[in-house]
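If you use our numbering, the sequence shown closes out at 913, no skipped numbers anywhere.
Honestly, the hints are just simulated from the structure, not real lab data.
Heads up, some of the hints might be wrong.
[What the hints assert, rightly or not] Derived lysine to aspartate or glutamate pairs resembling DMTMM-like cross-links, with alpha carbons at most 25 Å apart:
#  : residue 1 : residue 2
1  : Lys-92    : Asp-61
2  : Lys-461   : Asp-473
3  : Lys-94    : Glu-132
4  : Lys-121   : Asp-17
5  : Lys-461   : Asp-480
6  : Lys-654   : Glu-618
7  : Lys-520   : Glu-760
8  : Lys-513   : Glu-827
9  : Lys-81    : Glu-108
10 : Lys-513   : Glu-835
11 : Lys-775   : Glu-786
12 : Lys-424   : Asp-473
13 : Lys-81    : Glu-34
14 : Lys-63    : Glu-115
15 : Lys-491   : Asp-476
16 : Lys-777   : Glu-760
17 : Lys-225   : Asp-458
18 : Lys-92    : Glu-34
19 : Lys-529   : Asp-473
20 : Lys-27    : Asp-113
21 : Lys-461   : Glu-223
22 : Lys-519   : Glu-397
23 : Lys-529   : Glu-397
24 : Lys-176   : Glu-108
25 : Lys-121   : Glu-108
26 : Lys-92    : Asp-113
27 : Lys-283   : Glu-240
28 : Lys-92    : Asp-129
29 : Lys-27    : Asp-98
30 : Lys-27    : Glu-108
[Stated by the list, open to error] Pairwise CB distance ranges, derived in the manner of DEER restraints:
#  : residue 1 : residue 2 : range
31 : Ala-455   : Pro-895   : 57 to 63 Å
32 : Arg-837   : Glu-780   : 21 to 27 Å
33 : Gln-836   : Lys-283   : 42 to 48 Å
34 : Thr-604   : Leu-433   : 50 to 56 Å
35 : Gly-441   : Lys-283   : 40 to 46 Å
36 : Arg-837   : Pro-895   : 25 to 31 Å
37 : Ala-148   : Gln-692   : 36 to 42 Å
38 : Gln-836   : Ala-876   : 27 to 33 Å
Just so you know, even glycine gets a beta-carbon here, dropped at the ideal spot from N, CA and C.
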Amino acid sequence: MTIASSNEETTRAQLVDSQLSRAGWSKSRRSLIEEFALETQELLGLSKGQQFADYVLLGSDGKPLAVVEAKRTSRDEIAGKRQAANYADAIKSKYGQDPFIFLTNGKEIQFWDRERYAPRKVSGFCTRDDLERLRHQRQFAQPLHGVAVNADIAGRDYQNEAIRRVTEGVTAAKRKFLLVMATGTGKTRTTIALIDTLLRSKRAQRVLFLADRRELVRQAMSEFKSHLPNESLARIESGETSGARIQFSTYPSMMQVYSRLSVGYYDLIVADESHRSIYQRYKAIFDHFDAIQLGLTATPTDYIDHNTFELFDCGAGAPSYYYSYEQAIADRNLVNYRVLDAQTNFQLKGIQGDALPQPLQQMARDQGVEIDELNFEGTDIEKGVINQGTNDAMVREFMDKSRKDARGLPHKSIIFAVSHAHAKRVYESFNRLYPELQRQGMAEIIDSHMERADATLDDFKFRTMPRVAISVDMLDTGIDVPAIQNLVFAKPIFSKVKFWQMIGRGTRLHTDKATGAIKKDFLIIDHWKNFAYFKLKPDGEVDHPSEPLPVRLFRLRLGVWQLLHGQEPGAQSTLDAIATLQSMLQTLPRQSINVRPHWDELDTLALQWPAPSPRTLEDLSKTIAPLLRLAPLEGLDELQFRVWCERLTMGWLKGDANEQATVRERIETAIASLADNIPDVQRVVEQRAWAQSPGFWQHLDMGRLATLQAVFAPLMHYRTSALGHTLEINLPDSITQRSWIIYGPTGEGAFAESYRQQVEALVRRLADQLPELAKLKNGEDLSNEELERIGTTLNQADLFVTEDNLRKAFEAPTASLANFLRHILCEGVQLPNREQRINAAFDAFIASHGYLRANQLNFLRAVKAAVQSHGRITLAALNTPPLSRVGRVESLFPPQEINELIALTIQLLDEAA
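Make a model of the complete structure from these sequences and hints.
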C-alpha cells in the first residue's frame, strides 16, 4: 500500500510517529499516549460511547498538553478540526486547561492555539519545551496595551508609533510585520524597545535577530547589550547554538543549525534589511520556524519589490509602518545632503590616443602603450582602462573640497570604490600625494579582502584615525558612524536600492564632542553622475516601483477631476473634486524644505484652480503630487481605502466594468472586516448594511461614491483583519567640471557656506559704520525703523542680503533679521531653534501619558507638525482638516487630555512670543 492511499493507522505508523519522535514525543519517554480514551460524558457534541483521540501529548506534569488528530494522507489535514476541538473541549473540562491542537495527514501539519490564533501550517511538531513555554505565555502574558514602551531606549514619537503598530497587530493575532524606516532614524533601537516590550509582557521569551553580514550582527548585539544589559545574549556561529533569550546570527550561520532546532524554538524572528534576495536564498529558515516575523528595511517604499510586501502580508504595498527620509529631514531627525558633481577630463571626454597632446602621447609610449590602443570612453575607466592619474585627480578633489574639522583634516569619510583593485589604487594615490597624512593612517582600505577588517572598522568608528575608509560593498549598508560628513561615489551605481543605502551612511545627526559643532548636512562628491543618472531615469534598474499612497491618491483625484470637468465643468461634483484636491494641498507642511520652493504655485492653486490643460496636468502630477508624501495625512489603512474609492470612481466614470468589479471586492471586504464592537462602527451600522447590499452597487452615482469615503474611510483603522583585458596606464588627469547641487529648498548653485561667510564679513564691517548695528552689538534692542534702515543697507548688490535669503543660508526658517545680526555680532548668541523646543515638549507630553496607541501617536505627530507650521491649536482646529483626516480627537483622547494638548500648544506659542 502506498502512502498516498494509506488509511489513518498506516499514516500514523509510517509518518506521524516518526515526526513526533523527532520532536521528542514517544511512549517510551511517557510523553505521548496513543488512542487516548475520552468518556462519553466528557465529550461535548459527540455521539454517546467511548471516543479516542489519536494522540495526546503530555506535559512534564503528566497532564494533556496537546491533542494530535491524524487523517489519512489522501485527506485534507484540516478535515479533523471540529473533531479535535471537541476532544480539546473534553480535556479542558476534565483537566482545567485548554490543550493545543495539531491537525495532520502525515504530509501537512496545522497548529492551533485556540485562545490566540486560527490554525496555521507549521513545518513539524513542537517539542514539550516549546508547548510549555507557549502555555506559560498564554497563562501569564500581560495585555500589550498595558505595557509602556521604555522611552530611554526609543523615546521619539515615530518610534513609539512603529512599536505600537506591531504590538497592536500582535494583539489582533497578526504574525508578520514590516517596518520601513529611513537609515539613521533608530530602526535598531526601535526593535530593541519592541523586543523589550514583548519580553516584559511575556508575549515572547526567545528571540532571533538575523542579519546578512557579521559586522551588522556584531553592531546589533552591541546595541542590545547597551540598552538591555540584564538580558542574556548570544551569537550563533560555527555551528554552535545557544539557549539565551536573545540570539544573533548571520543567515549563513543559521542555515548550518536551524534543522537541529525545534519548530517552536523561537517566539520572534527579526530579519534586518529584508529584501526578496534574502528570502529567496534563506527561505528555509523562515519556513522551518513557527514564529512571529518582523522585517526591517531602510529602503524607501518606492523601491521595495512587491514580493517583499507579500512576504510580510502587507496588502497593497503598505508596510506595517513607514517613516521616510524626507519626513525625517522635515522632523529634524536626519540631515540632508549636498552634492558636488565632479568629473575629470578623461571621464568626460574619454582617452583617445590620437587626440592626446604630444607630451601625453610620449608618456603613454614610455609606459609601453601604443597610441592606437588608446580608444576608450569615459565610462570605460576602471573597467576597460585603468588610469592612475584619474584616481589622483579624485583624491586631490576630495582633499580640496571635503568637509574638514578645525585641524583642516577631512571629517570621517567613505570612498566607494569599483573593486578591491580600484580601492588599492586610490589608497596608493593617498600614499603618493599625501604621505605626511598617510603616516598618521588617514586613509585605509576596509573591505572583505583585508585581514582584520573588523578591527580597522572599529578604529574608523571610534578613533581619530583613520579618517577615510576606502571600501567595496562592505560599508554600503548597515554601518552606523554618525560622524561621517563626506561620501565619495567613485563608482557608477545602477541600483536605486543600493544608491539610497549608500546615501544613508551620512544622514545621521552628530555633534562634535570636542568643538560642539553640529552636523547640519553632509557632502557627496559624485564622480560618475549618479545623481544625474537617477534624475534622468528615475526608475533606474527597478522594474515596478511602488507609488507612495498619498501621491497615488492625489494623482487619482486629478484623474477624477479631469473626467468630471470633461463631462460637466460647472457641476457640483466637479467643484467638490477641486475642493478635495485643494484641501490635500493645504495639508502640506509649508516649512518643509521640499515644499518651500512651491509656495507661489500652491498659493495660486488655493485661490484659483486651473483648467485641465495637458501642461497643467503634467505639472500637478509630476511636480506637485510627489510633495504629498510629506503631508500628515491619514493612516495607511485609511489611505488605502481612499485609493480604492478613487479607483472605483475612475472606473465608474470611464465605464470600466472590470476595474469596478476588482475594486468593489476590496472595498466590500474592507467594510466587512471592521470590528463590530467599536462604538464608531456601531453608529454606522445602517450605512454599512446598505453599502454591503447589491442595491447600493447597482445604482452607483457620485453621491454614493462620496458616501463610501466620507463614512467608512475614517473607520479603516478599526479593521481586524565575464573579465576582459584591462589596459593600465598612468597619465595626469584633473577635475574640469564642477557644479554644486543643493538638494532642498534653496535649489541649485548654492555654495551656502561661502555666502554665509561673505554676509558675516559684510555685517562685521558695517558694524563700525552703522550706529544701529553698533547699538545691537552692545545688546540693545532696535526699533522697527532702525531694523528697516539696516535691511535697506544690506539688500544691495552683490549679496542682496534679505531676511529670506538669510533664513535659507543659515537654515533657520523662523529666525528674524535681528536674530541673524545678533548671531553674527554677539559672541555666544545662537539662532533660535523652535523645532527642537516643540519636539522636546511633545516628547515630554508623550512620556508623561504612559501608554498611547499607535493611532494616538500618529495624531500627536500631526498636531506637532501643525504647531510647527501654524502655532496655536484650538479645539475647532483639532476637528477640521488636516487633523480631522488623521482621526477624531474625541474618539482618540479623553476630554482632560484634549485640554492638556491645547494648553501645551498655547504654552509653546506664549514662549515664542
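Here is how each hint holds up against the structure:
Between the alpha carbons of Lys-92 and Asp-61 the distance comes to roughly 15 Å, so the proposed pair stays at or under 25 Å and holds. At roughly 17 Å between alpha-carbon atoms, Lys-461 and Asp-473 fall within 25 Å of each other, so this suggested pair holds. For a cut-off of 25 Å, the pair hint linking Lys-94 to Glu-132 stands: about 19 Å separates their Cα positions. With a C-alpha separation of about 18 Å, the suggested pair Lys-121 and Asp-17 falls inside the 25 Å cut-off, and the hint holds.
Our distance criterion of 25 Å between C-alpha atoms is met by Lys-461 and Asp-480, whose separation comes to about 8 Å. With a C-alpha separation of about 20 Å, the suggested pairing of Lys-654 with Glu-618 holds against the 25 Å cut-off. This hinted pair checks out: Lys-520 and Glu-760 have alpha carbons roughly 18 Å apart, not beyond 25 Å. At roughly 20 Å between alpha-carbon atoms, Lys-513 and Glu-827 fall within 25 Å of each other, so this suggested pair holds.
Restraint check for Lys-81 and Glu-108: satisfied, since their Cα atoms lie roughly 14 Å apart, inside the 25 Å limit. For the hint linking Lys-513 to Glu-835, the alpha-carbon distance of about 22 Å falls within 25 Å, and the restraint holds. Among the hinted pairs, Lys-775 with Glu-786 is consistent with the structure: their alpha-carbon atoms are about 10 Å apart, no more than 25 Å. For a cut-off of 25 Å, the pair hint linking Lys-424 to Asp-473 stands: about 14 Å separates their Cα positions.
With a C-alpha separation of about 18 Å, the suggested pairing of Lys-81 with Glu-34 holds against the 25 Å cut-off. Taking the CA atoms of Lys-63 and Glu-115, the gap is near 18 Å; set against the 25 Å cutoff, the hint holds. The straight-line distance between the Cα atoms of Lys-491 and Asp-476 is roughly 12 Å, inside the 25 Å bound, and the hint therefore holds. Taking the CA atoms of Lys-777 and Glu-760, the gap is about 13 Å. The hint holds against a cut of 25 Å.
Of the pairs offered as hints, the one joining Lys-225 and Asp-458 holds, with about 17 Å between alpha carbons and a cut-off of 25 Å not exceeded. Distance restraint check for Lys-92 and Glu-34: the Cα-Cα separation of roughly 18 Å lies within the 25 Å cut-off, and the hinted pair is therefore satisfied. With a C-alpha separation of about 19 Å, the suggested pair Lys-529 and Asp-473 falls inside the 25 Å cut-off, and the hint holds. Our distance criterion of 25 Å between C-alpha atoms is met by Lys-27 and Asp-113, whose separation comes to about 24 Å.
Proposed proximity of Lys-461 and Glu-223 is supported: the alpha carbons are some 14 Å apart, at most 25 Å. Taken as a hint, the Lys-519 and Glu-397 pair is honoured in the structure, with Cα atoms around 22 Å apart against an allowance of 25 Å. At roughly 15 Å between alpha-carbon atoms, Lys-529 and Glu-397 fall within 25 Å of each other, so this suggested pair holds. A distance of roughly 21 Å separates the Cα atoms of Lys-176 and Glu-108; the hinted pair therefore holds under the 25 Å criterion.
A distance of roughly 7 Å separates the Cα atoms of Lys-121 and Glu-108; the hinted pair therefore holds under the 25 Å criterion. Using a Cα cut-off of 25 Å, the hinted pair Lys-92 and Asp-113 holds, with the two alpha carbons roughly 13 Å apart. Restraint check: the Cα-Cα separation between Lys-283 and Glu-240 comes to about 21 Å, which is no more than 25 Å; the hinted pair holds. Our distance criterion of 25 Å between C-alpha atoms is met by Lys-92 and Asp-129, whose separation comes to about 20 Å.
Note on Lys-27 and Asp-98: the hinted pairing holds, with a Cα-Cα distance of about 22 Å set against a maximum of 25 Å. Between Lys-27 and Glu-108, the direct Cα distance comes to roughly 23 Å. Compliance with the 25 Å bound is thereby established for this hinted pair. Separation of Ala-455 from Pro-895 is about 59 Å and conforms to the stated range, judged on CB atoms against 57 to 63 Å. In this structure the hint that Arg-837 and Glu-780 lie 21 to 27 Å apart at CB holds, the actual value being about 26 Å.
Between Gln-836 and Lys-283 the CB atoms are about 45 Å apart, so this pair conforms to the stated range of 42 to 48 Å. Roughly 53 Å separates the CB atoms of Thr-604 and Leu-433, a value that falls within the hinted 50 to 56 Å. For Gly-441 paired with Lys-283, a C-beta distance near 43 Å keeps the hint of 40 to 46 Å intact. Look at Arg-837 against Pro-895: about 27 Å separates their beta carbons, and that is inside 25 to 31 Å.
Here the CB-CB span from Ala-148 to Gln-692 is close to 39 Å, well matched to the stated 36 to 42 Å. A hinted range of 27 to 33 Å holds for the C-beta pair Gln-836 and Ala-876, which are about 28 Å apart.
Checked against the numbered hints listed earlier, the structure breaks none of them; every hint is satisfied.
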